[in-house]
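Go ahead and model the full structure; you've got the sequences and the hints to work with.
Protein chains in written order, with my numbering: chain A, 33 to 148; chain B, 7 to 122.
Simulated from the structure, these hints should not be mistaken for laboratory data. This one's a predicted model, so the numbers in the text were calculated from it and none came from an experiment. Please note that a few of the clues may not be correct.
[Stated by the list, open to error] Computed Cβ-Cβ distance ranges for the label pairs, DEER-style: (1) A:105 - B:63: 23 to 33 Å; (2) A:42 - B:16: 39 to 49 Å; (3) A:147 - B:67: 36 to 46 Å.
[As the list claims (entries may be wrong)] Example chain A residues on the side facing chain B (calculated, C-beta under 10 Å, incomplete): (4) 76; (5) 79; (6) 82; (7) 113; (8) 123; (9) 125; (10) 138; (11) 140; (12) 141.
Here a beta-carbon is modelled for each residue, glycine too, at the ideal position from N, C-alpha and C.
Listed below, chain by chain, are the residues.
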Amino acid sequence: AQTVTQSQPEMSVQEAETVTLSCTYDTSENNYYLFWYKQPPSRQMILVIRQEAYKQQNATENRFSVNFQKAAKSFSLKISDSQLGDTAMYFCAFMMGGGSNYKLTFGKGTLLTVNP
Amino acid sequence: GAVVSQHPSRVICKSGTSVKIECRSLDFQATTMFWYRQFPKQSLMLMATSNEGSKATYEQGVEKDKFLINHASLTLSTLTVTSAHPEDSSFYICSARGAGRADTQYFGPGTRLTVL
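Below, the structure is given as structure tokens:
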């Protein structure tokens with residue numbers, strides 16, 4: 033079974049600074065996807081970024097980027113120029129590839145607070 | 007694109023009654039839908055997975071007779087909490103995955119259920 037570990041229950045950062053959230057996972061599969069989802073106080077889950085395991089290039093979406101280390105099974109999220117609206121719970125998630133019924137496995141989440 | 011709606015957003019009911027929650031994919035065909043439950047400050051717990059026109063697959067420990075799931079069409083899934091009790095009070099979130107983007111799940115805004 034796959035597991036996803038987020039070792040930082042809470043983090044804080046000053047507005048405009050950079051913060052990195054950690055995520056490690058365990059799998060014996062070679063074809064899979066990794067995701068970061070954001071859940072703000074509204075509780076709407078929002079996809080932040082996704083990474084296909086077969087791609088060596090790290091995914092980026094505007095101020096959000098990942099450091100995907102496949103051999104180390106690490107998938108950290110870097111948020112640059114942090115904004116107050118980035119305050120949210122961030123969940124790292126894993127999904128096997130190749131099937132329509134494959135489901136997401138979530139980490140326990142990291143609560144990020146951006147301070148003014 | 008990839009919008010998922012849920013209705014109602016909040017519901018309060020009396021113990022012993024049944025409550026139905028609807029989940030709709032608004033701009034794509036959802037071949038697979040997922041139902042999650044989330045307790046305060048915790049991660050999402052998968053309850054069941056459903057494919058259009060098929061019976062739902064429930065996770066271990068989830069009572070299928072209590073949490074009835076129907077995925078009647080490619081845009082609609084419903085979760086009915088039967089004979090609700092206070093311990094069923096929780097935040098319920100649906101998610102959908104489409105045929106064109108089978109590797110990404112999109113989430114609804116969630117439903118807050120309170121059972122008195």
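Now the hints, each set against the structure:
1. Separation of residue 105 of chain A from residue 63 of chain B is about 27 Å and conforms to the stated range, judged on CB atoms against 23 to 33 Å.
2. Taking 39 to 49 Å as the suggested C-beta distance range, the pair residue 42 of chain A and residue 16 of chain B does not conform, at roughly 27 Å.
3. Range check, residue 147 of chain A to residue 67 of chain B: Cβ separation about 39 Å, and the 36 to 46 Å hint holds.
4. Because the smallest distance between the Cβ of residue 76 of chain A and any Cβ of chain B comes to about 5 Å, under 10 Å, the interface hint for this residue holds.
5. With a least beta-carbon distance of about 7 Å to chain B, the hint placing residue 79 of chain A at the interface is held under the 10 Å criterion.
6. Using the Cβ-Cβ criterion of 10 Å, the hint placing residue 82 of chain A at the interface with chain B is satisfied: the shortest such distance is roughly 6 Å.
7. At a threshold of 10 Å, the smallest CB-CB gap from residue 113 of chain A to chain B is about 25 Å, leaving the interface hint violated.
8. Given hint, residue 123 of chain A at the interface with chain B, holds; its Cβ is 6 Å from that chain's nearest Cβ, closer than 10 Å.
9. Using the Cβ-Cβ criterion of 10 Å, the hint placing residue 125 of chain A at the interface with chain B is satisfied: the shortest such distance is roughly 9 Å.
10. A hinted interface residue such as residue 138 of chain A counts as satisfied when its beta carbon comes closer than 10 Å to some beta carbon of chain B; here the least separation is about 5 Å, so the hint holds.
11. For residue 140 of chain A, the suggested interface contact is upheld, since its CB lies about 5 Å from the closest CB of chain B, less than 10 Å.
12. Here the hint on residue 141 of chain A is kept, as its CB sits about 5 Å from the closest CB of chain B, short of 10 Å.
Violated hints for the displayed structure, listed by number in ascending order: 2 and 7.
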